[in-house]
Each structure stands twice: as structure tokens, then as C-alpha cells.
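One line per chain: the protein sequences are C and R, in this order. Position 224 of the first sequence, counted from 1, bears residue number 224 in this note's numbering, the numbering being contiguous throughout. Position 121 of the second sequence, counted from 1, bears residue number 1121 in this note's numbering, the numbering being contiguous throughout.
Simulated from the structure, these hints should not be mistaken for laboratory data. Incorrect hints may have been included.
Each computed BS3-like pair below joins lysine-lysine, with the alpha-carbon atoms no more than 30 Å apart [as the list claims (entries may be wrong)]:
#1 R/Lys1327 to C/Lys254
#2 R/Lys1264 to C/Lys246
#3 R/Lys1373 to C/Lys227
#4 C/Lys144 to R/Lys1327
#5 C/Lys230 to R/Lys1366
#6 R/Lys1307 to C/Lys246
#7 R/Lys1089 to R/Lys1067
#8 C/Lys301 to R/Lys1373
#9 R/Lys1513 to R/Lys1476
#10 R/Lys1008 to R/Lys1224
#11 R/Lys1373 to C/Lys246
#12 R/Lys1326 to C/Lys254
#13 R/Lys1415 to C/Lys246
#14 R/Lys1184 to R/Lys1029
#15 C/Lys246 to R/Lys1327
#16 R/Lys1381 to C/Lys230
#17 C/Lys254 to R/Lys1366
#18 C/Lys144 to R/Lys1307
#19 R/Lys1366 to C/Lys246
#20 R/Lys1476 to C/Lys246
#21 R/Lys1327 to C/Lys227
#22 C/Lys230 to R/Lys1307
#23 R/Lys1021 to C/Lys13
#24 C/Lys144 to R/Lys1264
#25 R/Lys1415 to C/Lys227
#26 R/Lys1307 to C/Lys146
#27 C/Lys230 to R/Lys1415
#28 C/Lys254 to R/Lys1373
#29 R/Lys1307 to C/Lys254
#30 C/Lys357 to C/Lys301
#31 R/Lys1021 to C/Lys357
#32 R/Lys1366 to C/Lys227
#33 R/Lys1373 to R/Lys1448
#34 C/Lys230 to R/Lys1326
#35 R/Lys1326 to C/Lys144
#36 C/Lys227 to R/Lys1326
#37 R/Lys1327 to C/Lys230
So the derived label-pair ranges between C-beta atoms look like this [stated by the list, open to error]:
#38 C/Pro305 to R/Asn1363: 24 to 30 Å
#39 R/Asp1310 to C/Thr17: 55 to 61 Å
#40 R/Asn1363 to C/Thr17: 35 to 41 Å
Where is the CB? At the ideal position from N, CA and C, for every residue including glycine.
Here are the chains, one letter per residue:
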Amino acid sequence: MRKYHLVRRADSKIGRTIIFYAVGILVSLLIGAVILMALGINPFDYYGKMFTIGLVGNRYGYKSIEGFLKIFVPLLITSLALGLSFKMRFWNIGGEGEFLIGAITASVIAFNSSGIPNFVTVLLMCLAAMISSGIIGIAIAALKVKFNTNETLMTLMINYIMLYVIRYIGETKADWNFFLREDSERPKFGTFPDSAVMTGIPLGQFKLLWSVIIAIVLTVIVYIYLKYTKQGYEISVVGDSSATAKYAGMSVGKIVLRTMFISSAMIGLAAALTVSASGTISDTVTNNVGWTGIIVAWLSKLSVPAIFVTSILISILQYGCQAAATQYPAIDSNYADLLQGLILFSVLVADFAANFKIVKKEDAKNA
Amino acid sequence: MEYAIELKGITKSFGPVAANKNINLSLAKGEILALLGENGSGKTTLMNMLSGIYMPDSGSIFIDGKKVSINSPEDSGKLGIGMVHQHFKLVERFTALENIRIGMRDEGRFMHGADVRKKIEDTAEKFGFDIDLDKVVSNMAVSEKQTLEILKVLCYGAKIIILDEPTAVLTVQEIDRLFDVLRKMREEGHSIIIITHKLNEVMAISDRVAVLRHGEYIDTVVTKETNEKALTELMVGRKIELNIDRPVMEKTHPLLEIRDLTVKNDEGVIAVDHINFYIRGGEMLGVAGIAGSGQKELCEAIAGLRKIEDGQMIHEGESIVGMSPKKILEHGISMSFIPEDRLGMGLAPSLSITDNMILKNYNESKGIFVDRKTASEEAQKVIDRLEVVTPSTETPVRRLSGGNVQKVLLGREIKSGPNVLITAYPVRGLDINSSYTIYNILNEQKEKGVGILFVGEDLDVMLALCDKIMVICHGKLQGVVNSNHTTKEELGLMMTGTINIVNKDGKTDGIAKDSAFTDEEGNA
Chain C
1 MRKYHLVRRA DSKIGRTIIF YAVGILVSLL IGAVILMALG INPFDYYGKM FTIGLVGNRY
61 GYKSIEGFLK IFVPLLITSL ALGLSFKMRF WNIGGEGEFL IGAITASVIA FNSSGIPNFV
121 TVLLMCLAAM ISSGIIGIAI AALKVKFNTN ETLMTLMINY IMLYVIRYIG ETKADWNFFL
181 REDSERPKFG TFPDSAVMTG IPLGQFKLLW SVIIAIVLTV IVYIYLKYTK QGYEISVVGD
241 SSATAKYAGM SVGKIVLRTM FISSAMIGLA AALTVSASGT ISDTVTNNVG WTGIIVAWLS
301 KLSVPAIFVT SILISILQYG CQAAATQYPA IDSNYADLLQ GLILFSVLVA DFAANFKIVK
361 KEDAKNA
Chain R
1001 MEYAIELKGI TKSFGPVAAN KNINLSLAKG EILALLGENG SGKTTLMNML SGIYMPDSGS
1061 IFIDGKKVSI NSPEDSGKLG IGMVHQHFKL VERFTALENI RIGMRDEGRF MHGADVRKKI
1121 EDTAEKFGFD IDLDKVVSNM AVSEKQTLEI LKVLCYGAKI IILDEPTAVL TVQEIDRLFD
1181 VLRKMREEGH SIIIITHKLN EVMAISDRVA VLRHGEYIDT VVTKETNEKA LTELMVGRKI
1241 ELNIDRPVME KTHPLLEIRD LTVKNDEGVI AVDHINFYIR GGEMLGVAGI AGSGQKELCE
1301 AIAGLRKIED GQMIHEGESI VGMSPKKILE HGISMSFIPE DRLGMGLAPS LSITDNMILK
1361 NYNESKGIFV DRKTASEEAQ KVIDRLEVVT PSTETPVRRL SGGNVQKVLL GREIKSGPNV
1421 LITAYPVRGL DINSSYTIYN ILNEQKEKGV GILFVGEDLD VMLALCDKIM VICHGKLQGV
1481 VNSNHTTKEE LGLMMTGTIN IVNKDGKTDG IAKDSAFTDE EGNA
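So here's chain R without its partners, still in its complex pose (with noise of 0.2 Å):
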């Protein structure tokens, strides 16, 4: 079989942290492999080598057969690889034709030269790529910058494609597109290695499986000869059952109750654009939608974090608008986000987990002194009940592993005993058995009576943990469905606006038969 890429023996460490340890890997011309493992297993580490980000400690890379040493993105280039980062590189400021352009080299002085233009235009005819040269990108969506970044390692020749998590931030019709991309690509003869750990998207689009784990290479199975459960058992290492509890409750009046909330974002657009939605106790709420529709906004409003401007929140009878961030968790709703970089928002990272616990009520103690006493017993209480691994109760939380973080920020969330938790993102970037863990710790809440809205990324996890899911397109309300009466389809369609069926049947989505409203003003 001829390889368009042989690794061999590839080692690469950060400092005493072996990334990558002795891997051997393979990609065969014209096949689409998916690279396979949870998150710091090194796939984006052994890619970055490929694409000459950085360089690797020890072992041999081999293109179409021949000994190869990638010391630059550029040489990487000329080698024929390109990759598509997780994060787009862009220039935000550019149209899709100056960022293509910028990275061609020998194609003359002038930006935009008639060549270049036909040029671009042939490669996206051939590849079906629909796109509009001219759009700047910061106008773009997440898709529409996701294909450029394609089409742009295509128009530099790329036979190689290297795609990172390139489903991450797209709906379910966006990514059979993308599929449809890919496969044309490998009928034209590219090869292309996709790192992903969405199981069923492995399923469906890739040839062969790599899957590495702790930095280590594991093996590479043929896809048509195995299934999400045997993969799921190389990628964790020992069995795991896959099934997620709901618990079903009794539910109870509704606790929070959101109407006509309209809420800027820091650019001053409207980010949240009259959304109504409530939940009862002993209820999980998910909230689906493509990243940056409105979500976080959305969790800092009810938080107190961020004016509102327009709209009701009402709190068990008392309207919570205007309230500070301060006396909203005491009238017992506790928020916490997990942002991208995962410690940004709840955590202070170089301090303690004694520290972190008391965040939120330092200043209730007496006097001008912290109590760490108490602090530290608490700190000992989460550690203790969540199975958090830590050296101890005075460890700085920045070196804690991500699941061990995400803990700790929960484990405070829970510990004041909120009747209302808005979690966003809880298990953003957490490994399996982590996530699982995440989840029980959420439906205990929720057998406890706690109304839970549920900020999620992945549409598979929200349709097996939450009762109801609502959905949101640019800050607007799309509807609210039953988890059991619906698909994933059906919330793709929505998060992307093509559907909307809040006013079915005669009844609008979001407001309760039972609200605390009672006229218009909304006095209880």
C-alpha cells in the first residue's frame, strides 16, 4: 500500500509532560482517517508536527515514501499538507479572497490580479464549495469561515488536509455538507486525516480509525470492521457503558420564569432577543444552539452580571431584575460557565481550592478576616463527595487536571444549596468517565427538587440528560421540545432558524400554563 504519510517512532514532550510517546501512524493516499482520542491525548500535538508548528523530539516522518524533516509551517506547505485549526486562522478585517491570497507566494505583486481570482474560483467549482469571495470574514458564519479555511489549503495545493475538530461548531446539516466536501475530495485524490471524538461522525465519514490515548498509540482499525462501542474501549481503555440516567421527577411550579428578555453583548448588539422560557423544579432545561448565539449572555443576565434590556425575570414570585450578582445567589441561583479556555469565569487559577470555595461568600463570615477554617473543612466536603484528585485541600486549582476543575467549580456551585443552577458547558473538554461523573452529580440535584438549565454543546448528551430542550438562533427563541418526541435533525433545523415552532398549535413555547404572571406589568 502506498502512504501519503509515515509516521514513525514520533516523541514529543513539554517540559517533564510526554505529549506523544513513540507513535506510529499511517495515512494511505486517497483515504480519510479519523484520529481518535479524548481530549489530552495528543492528536493536536502530533498534527501541529505535521504542520510544522512544532517539531518533534525524536522519530522520522515520511512523505509519499521519502524521509522528511518539517521544521516550518511553510516547508510543511511545500510538502503538500495543510491543515484546518480548531481555531480559524483569519484575518477578520480581509474578504475570503484576500486571506486565500495573502499565503499564495508566487503569484505576483498585485492582491488582486484576474489570475488569482479565476484561480480560486476553479478550485472551489471542483470541490463544490459554495462561497462568496468578497464577504469579509468577520461577517461570516462559523461554516462560511470553516470553508474558506478549506478552500484556502486547497488553493495552495495541499494533498494532504488535516482537519481539527472540524464538526465542533456545526449544526447537523452543516456537517453532512462538510462530509459531502470531504468525499469529493478523497474521489479527487486528496488524503485527509480528521480528529474528532464524536463517535458517530467517525462512523460516518472515515475509512480507517487511529486512536491514541495518554499521548500513546493504540492501534488502527478498519472502520466498516468495528463500532462506537469497541472504539470508545480503545480510546478509554477498559468497558464503559455509554447510557446516560434521566431521572424522572415530579415536577414542581416553576421556579424561574424568563419573559421577553432582551439582553446586548459587549459590542452592543442584541445577543438575547426576547426569550421566554421557565423551569420548574426536578426539571433539567437544555439550551441547544450553534456557539456564540446568545448563550452566554443569556447566563450572565439571569447571573445579575448583565443588564438587561428589556424583559422579566422572576425568581419564585420576586422579580430578580436589577438585583445584584451578589443578592441573586442568595435568593439561591447559582451560575457557573466553563469559557473555552476552561478557568477564565468562576475560578481564580492560582489560588487554592480552600480559596475558590469561599468565592462566592467570603464577606458572610464575621469581621475583617477570611474564615479558612470553615473554608478549607468545605473544600475537604467537595473533595471528598465529588472523588476530586488533588494533593491536597491548599493545592493552587491551575494544577489540577480539567475534570478535577470542573469539579471543584461545581462542587461550589452545589455547596450552598441552589434551587435554581445554570451550568454552561459543564463538561467542555472533560474525557468520558469525567463527564459521567458530571452528570450524576446533576441529576442528584435534580432529584433534590434543584430546576436545572443545562448550556450544552453536544446534541446527543442533552437529548439523553435533559426533560426539555430549548433552542435559540441568534439570541431568538426557536421553540422548547420534549427530549422524547424529538431528534436531532429536528434541533439542527432549529438552532440554525430554518424551523421555528414556538406559536404550535395554537400555545407559544415558553411561558408556563402555571406562570407567576399575572397581567402585563408581571406583578405576582
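Just chain C, same shape as in the assembly (with noise of 0.2 Å):
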């Protein structure tokens, strides 16, 4: 016999998810810390440089907002086009996969772009990123519409296909191979010419990217565009009942593939600027935020705002946990990585139950 169900809240109240979010962080701190001291390393200690993204005390503490930067701007961008295509009810789990694309094209340009001046091959970069991953994207939309093919399916399969061609890429040693370095004798991928390394604003010892300004801008463009204009109206009928649209007179099939391609071709821009950012390309280039712009877009709700500052969030936590890892010879990345893993489980487990209760079957009526 059940004792035991669960029940959705009835209201939500935004006190109440702050305080679970805190405890659930909270405990996933406590787990880290049992792991901290079994390999003899203070918490308190290791804590307080994840949070500061090891800024306090750093003479080269800029590098350490750069390095966040350089964390942020891709996943951003990755999670609020993931929301777009979301907000649709299109499954784009193909983010990695589509980054891939973007980072290869862009590649292209990059390695045969010397003397070309440098705004205009970053330009360019952008350009054949975005139309490539929207090529994708918009393929991948047309099954969907035309044969209705599972997106989900589809998108994920797009990861792994990418994931092998740049692997045969990084690994193949030939002639036509202009992505590996000429002077190594092991395959190894070269870095970009000065020309399509990304510029920006120099304050200080700091440089602000212009990336960061194209990722706050686009931010500012998407939220209005899905809160005013018509087709961002089109996209919640869309997403919240596709037979109403189509009673409406909407062409569902142009919706979709239009909101894929933008989707998409964001994720291709976010590919680009961060090639051009760091300079060369890699088969981890994406950072997974392919995945973890998932995990973004719906813990914030798909809200634009919310998805800013959850990113923010995540990147410190991404960031802070590499930067802190690094200061101690007894753990490596992994461990970084596993407190990211903790944290972010708990703050999904935090997010349940901040909307469901486990209720007694006697209690129930006074639910």
C-alpha cells in the first residue's frame, strides 16, 4: 500500500526555491568537503578560491576574468539558442554537434586567412559558422517537418558524427590537412594566424573581448525577440499547442525551420567567436556546452534573464572549480569536475522540490 505520493505545489513561491537551491548547494559543498579533507586539503581553503575564480590575491587576477570570459560567452550564447528552440518543443539536443560544425568552418577560414585584415576574416568566420551549423539545423527541422523524423534522435546522432570528424581531422596527417601543425611530426592541430585571432578592447592589463559585447548584445536581441515581435509570438503558439497554430493560419513548417536555423546558426556564431578567442581549435573545443546549455536553458525556464545570470553562475562554478583545482598538486581536474557534477544534480534535486511534496495519504486533505 502507498503511504507516500508526491503532489505538485500549488503555488511557487520564489523565497521558497532561493532557500532549496541554498540548502542543495549547500549539501553538495558538505560531500565535496568529506572528499577535500580525506586528501588532506582544507574546504574552507578550497572553497573560498573556487567562489573568488582564484581573483584574491593574484597579482594576474584579469587572466583569471578572462579565463571566465572565455567560459562564459559560448555558453551563453549555446543556451539561450537552445531556449529559442526549446521554447519551439523542438528537442535541439545537437548543441555539441553543431558547435563542431561552426568550429570547423570557421577553422577553414582561419588557417588560410593571413593577409586578409583581421575584422574582416572574424567576420567571415562568423558568417560560415552560422550559415553551416544552420545548414544542420535546418536539415535536421526539414526531416522533422517533412517525414516527421525524431529531432531528438536526430540532434543527438549530429554530436557524435561531429565529435569523429574532428577527431579525424586532429588525427590524420596528409597533405590537404592544413588544420595540423607542419612542424610536428605527431598530428597536432596548429594554431590560427594573427588574422583571425579575436580582438578587443584593451582596459588596463585587461582585454575585453568582443565577443563578450556580441554575447551581451545578442542576449539583449534575443529576449526582445521572443517578448515582442511576431515571431517570437509564433514560437510560443508554436511550442505551446502546434494545432492551434495551424488553426490560426501559421505555417508550423516555416516556424520550425526558421526558429531551427536561428537556433542553430547562434550556436555556429558561439563556435566561431570561440575559436577565434582562443586561437586554434580542439575535439574538447565545445567545453560541453552543447549538454550543459540544457541544463541552463531549463533550470532558468527557458527566461532570457534567467538564463544570463544562470550561465554566469555556471561559468563561475566551471571556472572557479578548474582555477582552484589547478593550486593543488593532490587533485587534478576530475575532482572539479565531479563538484560541478554534485552541485548541479543537487541543485536539480533543490528545483524538485521546490515544486513537488511528498505527502502522507492521511495528511493529503489538509494539502
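Dock the two chains into a complex; use the hints.
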């Protein structure tokens, strides 16, 4: 006999949600602390370094901010893009694959850009990445619209296809392969010529890359797009009920194709900005944004301002974990990944707990 | 008196909503008890607790005088309770026999044993069921499926049978047959609870009537000592006028003419088969037919949402065949269809009333932005005019009650000022009061000279509200009758295809004398 059951809470109070989140994070930090102590590290010390992303007491503090932003920009743009398609109930989980396509096409231009002005090269890289990623997105959407294929499977498969494509490029020494360094015996990705490396506004020693400004402007545009434009309105209606959209005379297929193009093209843009900012490409260039972006979009309930804030917090977590881990010889980046996983998991549990509660059968009438 | 079921102080809540509050109810042995109440009054929830789908939060259930705890449908079955759900629980690909067989637990390993068939056949014979045990469920008509459901619970040895709105999908004749079976079951000593909100049926079949209102138990009365008016008052909680107005208007020329319309459904089967009809301004034409006789396909075809295979559709002298839904709307034909889930078509449930108002004309404003200012003014107008109960114009439609949702939908359809209004099941699931508000809105439109196509379920309502009624059966027109000169029985026979009066007295129904069609090609 079932004594307990889950009941959705009737109201959602922001205060309660914050408390649950705080408790969740605290619990995951406690578990992390136990592991740290077992390794002989003072957890307060470690967490202090983590949450200040290594800023405090560091002569090269600006480096930390630059490092943080390099994680933040692709994550933000990818999360926004995924949010766009999720809003339409199009389960685009191919962020990784779309990112890699954009990164590869951008790199094709980058490696062949010697002599072209920097501004032109970076612009071309962005355009090429957006178009190539967008085409893949539109192709998957077209299969869905035309043959009603399952977009979740299709986008998922793109991730693996592209992962192996980039590994193939990275491991194949050949005359045609301009991606690799010529002076190295072992296959190794080369670095872009200066013409393809992102510049920025110098603020003292700190350099504010153009990609950061682009990401912030894009956030505002996506916000306005979803909230105030006709196309944004169409996305909400299609997401809410495609039968209703059809009935209202909307061309659902066209809307799905268009939105999926925008969504994938944005991920392509994120990829171009990322490779340009780091000046090289690798098979770990995505830094898992295609996956993390899904979590960001859902934790934010697909709200654009919330995606912005959540992206900042997750990027701090990621960079902080890495930065702190480098300070201790006893642990490596695997611990950083473990801790991130713990925190994200507990936040998801907290989110669930904030929306549902367990009631005893006899008490249900007082619920 | 000996009771088959006694419920004492039953309470059940879903989150903050109490579906049943402290309910006391008794079912005597060998009686038919009607459970009466408006939609959302908690009838189905209460019965689901007897069939083990839900468990009560508090209160006790007594079966044959013994206190029991029903934790699963299996427990319920062991106690001799059988429920026939409104939405049938049958395996579509199985035959009747197999459907019954899968629920028999202690009959050995084999599906098609001779003893099993014998047992089922005996039961069917005993209660006078006429059923083909080897017919596959997907080939069955609705009434056959229902017969199967009832036979199934009888075969499982149920002594207490609960029927949830069994008549909603049946024609008049089929209802009579069902009632004969129920009376036979009563003679055999079975106890029956029948859930319904049709008063004439309650009067016809039940021994006693228990009334629920807003989740609370109101009273149980003996059927012989009451009447429909008294029952309505118990059900609604106050006095109510049961007359539906039918203003008589001077009819104008045919606004919409449909000729030889043929449409296929999603499975590619012909759903609307060479139908002819026309609607004049200031006229309300009812469409009667058993559920799934092509009503949905007909509405979608006129609204431009479904491709037509053959035929003509002329609106004010202009063919609308092949036009986009938007174009047809601009021509002044507005369609609202309330599907069974009531939200799936026509409204975006998570969006606000404002956003739903502009669903069909958001593209008319200039520029790339949605004009929400005008939209919210329009929303406010509809709210004021149709008395929609809502906290604000920005409330998601999902949070409104059923009646208010339908008012929003209808309000949007009439705000564009259509001259042909197609409305399917506009009062589906509404309580009596909200239904009357909707009828008034439709009558107002009619008085303005709008031609209305009213696809409905309740024949009594259609006879009272519509000027004429066209009946379809399997997508074929069975005739168009004047509401003043027909009866429910006649309509029922037409709905089952028993009679067809399309070509009566040398004239053909559905073709106007002053038709805009002039030649065979249908050119005006």
C-alpha cells in the first residue's frame, strides 16, 4: 500500500525556491568537503579560491576574468539558442554537433586567412560558421517537418558524427590537412594566424574581447525577439500547441525551419567566437556547452534574463573549480568535474523539491 | 434496507482542490442509482475511488455492510465492483473475446479455451447481449464497444456496476436498448450506479437519484417523487429557467453553400461524403450525428485546414476552395472547434488571454512587433462583454475554468465580425449556466444576420436552439429537417442511417432554391 505520494505544489514562491537551492548547493559542498578532507586539503581554503575564481591575492587577477569570460560567452550563446528551440518544443540536443560544425568551418577560414585584415577574417569566420551550423539545423528540422522524424535522435546523432569528424581531422597527417601543424611529427592542431584571432578593447592589462560584447548584445536581441516580435509570438504558439498554430493559419513548418536555423546558427556563432578567441581548435573545443546549455536553459525555465544569470553562475563554478584545482597537486581537474556534477545534480533535485512535495496519505486532505 | 455500497465521509483532494468533500452515499441492492451533478462536481472522482484508481484521503467504504479498503482496480474487482469508463478501456487490436479473456485471472493458461468462450457466451445470453465475440474492437461501432465493456465486467463477476456517462455517445435508440439491459441486470440482482447529467435519462431509468454539487453531497431523492425541474435546482443550487430562446429572423440569401463536398480524414478514409448544405444569414443550422461521423473534417474543410477531395464551397458567390485558412478568415468565415480535451485547438493554453485574442490577426499590425496594446484592449472588451471571470487580461488561459475558456474562444471568433460562424461543441463540458450564456451569444450573432453552423451533441438543445438540423451518418447527409417539424426519434433514426430523407417529395435537401450556383461547374 502506498503511504506517501508526490503532489505538485499549488504555488511557487521565489523565496522558497531560493532556500531550496541554497540548501541543495550547501549539501553538495559538504559532500565535496568530505572528499577534500580525505585528500588532506582544507575545504574552506579550496572553496574560497573556487568562488573567487582565483581572483583574490593574485597579481594576474585579470587573467582569471578573461578565463571566466572564455567559458561564459559560448555557454551563454548556446543556452540562448537551445532555449529558443525548446520554447518551440523542438528538442534540439545537438548543441555539441552544431558547435563543432561551426568551429570547423570557422577554422577552415582562419587557417587560410594570412594577409586578410583581422576584422574581415573574424566576420567571415562568424558568417561561415552560422551558415554551416544553420544548414544542419534546418536539415534536421526539414526531416521533422516533412517526414515527422524524431528530432531528439537526429540532433543527438549529429553530436557523435561531428565529434568523430573533428577527431579524424585532428589525427590524420596528410597534405590536404591544413588544420595540423606542419613542424610536428605527431598530428597536432595548429594555431591560427594573427589575422584570425579575436581582438578586443584593452582596459589596462585586461582585454575585453569583442565576443563578450557580441554575446551581451545578442542576449538583449533574443529577449526582445521572443517577447515582442511576431516571430517570437509564433514560436510561443507553436510550442504551446501546434494544432492551434495551424488552426490560426500559421505555417508551422516554416516557423520550425526558421527557428531551428536561428537556433543552430547562433550555436555556430558561439563556436566561431570561441575558436577565434582561443586562436586554435581541438576536439574538446565545445567544453560541453551543448550539454551544459540544456541544463542552463531548463534551470532558467527558458527565461532569457534567467539564462543570462544562470550562465554566469555555472561559468563561475566551472572556471572556479578548474582554477582552484590547479593550486593543489593532490587533485586534478577530475575533482573539479566531480564537484560540478554534484552541485548541478543537487540544484536539479532542489528545483524538483521546490515544485513538488511528498505527502502522507492521511495528510493529503490538509495539503 | 440492505446496502451494496455505503460511503461515509469520503474526502479526496488534488493539491489544494477538494474534488470530494465529506460524501455520504448509499446504493441499495438491486437498484439503479443515478449520480447527478454538473461537470466538475466530483462524480467521476468518487466512482474512481470505488474502482481503485484513486484512494480516498479520508472516510470509509462499506461493501455489503463490511468495511473495506480498495487500493487497486484488482481489489475493486475482487469485491465485485465493475466500472465502465466513459473512455473505453479496450485493446483495439484484440477481438471481443480476447479483450474479456485478458482480464480473467483464474482460467488457465490458454487464451482461446472452449470453456472460456462458453462462459462468456452464457453470460451474454443471460443478459440479452447481441455481440460477435470474434469481431476486432477497432472494427466496432461505439455502441458495440460499450456492450463489450459491460459484458466484460459481468463476466468478471461484478455485482455492482458503475457506468460513467454511458449515453453520451449513443443515439436515442441505442440508449433505449442500453436501458433494457440495465433493467435486466437489476432483475438479476445487480446494483447499478449510472453517472449522467441528462435529466430525462435519470427520470427514465433510475430508482433513486443522488446529487453532487461542487464536490459536496447534496441529497438523495426517490425518482418517482421528483421531477426534472426540482433535480436541476438541486444540481445547480438555485432556480433556473430551462428554456432556450430561438429568435426568428428574416432569412437572407444563402451565405455559404456547400455542394458535393468530399473530405478524407487523417487515415485517408472518406470522412465527408458528397455533402450538400447551405446557411442563410440569420439562420442557425444544426449538425447532428454520432461522434466521429465527419463533423471535425467538415469544419476543418470549410476553414481551409483540410484539403478537400471533391466538391464546391461558395461563400457569397466566391469559391473558397483552396484558399489558405487566413484568407478564408478574412472572407468572414470564422470557425471554432472545441475538441474533447477542450484546449487542444483554437487556444494556446499557456499564453495569456491577450495573446490568445490576437492569434488569428497578429500579423495585421505593421512592423515586426506584436501589437499587444490593442490586443489587451480587445481582451478587456471580450472580458467585459461576455463576463469572463479572470484576474486580468494577462492570465494564462489554462488557469481559467472551462466556461470562461470557451467564452474567450467564442469572444475572439465573433470580435472579427464574421458573417458565417462555424462552432463545434461550444458548450462541451460546460455547466448549465455557462451553456446558456453561450446560447445567448450565438443568438445575438444570429440576430445580427450572421449565419451559424452549430455542430452539437445534445439533441434537445439543438431542437430548441437551431432553426434547421442537418443529420450526417458516416459522412453522408441523411437529410435536413426543420426543428419545428421533427422529433428526437426521427433524428436518432437518421443518425444511425436507418432513414434517409434527402430526396423526399421530389426536392433535394441541402440545395437552396435561390442558389448562387448557376451551372454544372458551379460558377456563380
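For the pair supplied as a hint, R/Lys1326 and C/Lys254, confirm whether the alpha-carbon distance does not exceed 30 Å.
-> Status holds; Cα separation ~15 Å.
Quickly compare the C-alpha distance for C/Lys230 and R/Lys1307 to 30 Å and report which way the hint goes.
-> At roughly 27 Å apart (the allowed maximum being 30 Å), R/Lys1307 and C/Lys230 satisfy the hint.
Has the given pair, R/Lys1415 with C/Lys227, been kept, meaning a C-alpha gap of at most 30 Å?
-> Judged against 30 Å, a Cα distance of about 25 Å means the pair holds.
Hinted pair C/Lys227 and R/Lys1326, Cα distance within 30 Å = Roughly 24 Å between the alpha carbons, so the hint for C/Lys227 and R/Lys1326 holds.
Measure nothing beyond the straight line between the CA atoms of R/Lys1381 and C/Lys230; if it is 30 Å or shorter, mark the hint as holding.
-> holds, 23 Å
Restraint status (C-alpha distance of R/Lys1327 to C/Lys227 at most 30 Å) | holds, 27 Å
Would the pair C/Lys301 and R/Lys1373 pass a check requiring their Cα atoms to be no farther apart than 30 Å?
-> Roughly 26 Å between the alpha carbons, so the hint for C/Lys301 and R/Lys1373 holds.
Does R/Lys1327 pair with C/Lys230 here, judged by a C-alpha cut-off of 30 Å?
-> holds, 19 Å
For the pair we were handed, R/Lys1307 and C/Lys246, check the Cα-Cα distance against 30 Å.
-> holds, 13 Å
Pair hint outcome, C/Lys246 versus R/Lys1327 [Cα-Cα no greater than 30 Å] | holds, 14 Å
Could you grab the alpha-carbon distance between R/Lys1366 and C/Lys227 and see if it respects the 30 Å cut-off?
-> holds, 17 Å
R/Asn1363 versus C/Thr17 beta-carbon gap, inside 35 to 41 Å or not = 37 Å Cβ-Cβ, so the 35 to 41 Å window holds.
Checked against the numbered hints given earlier, this structure breaks none of them.
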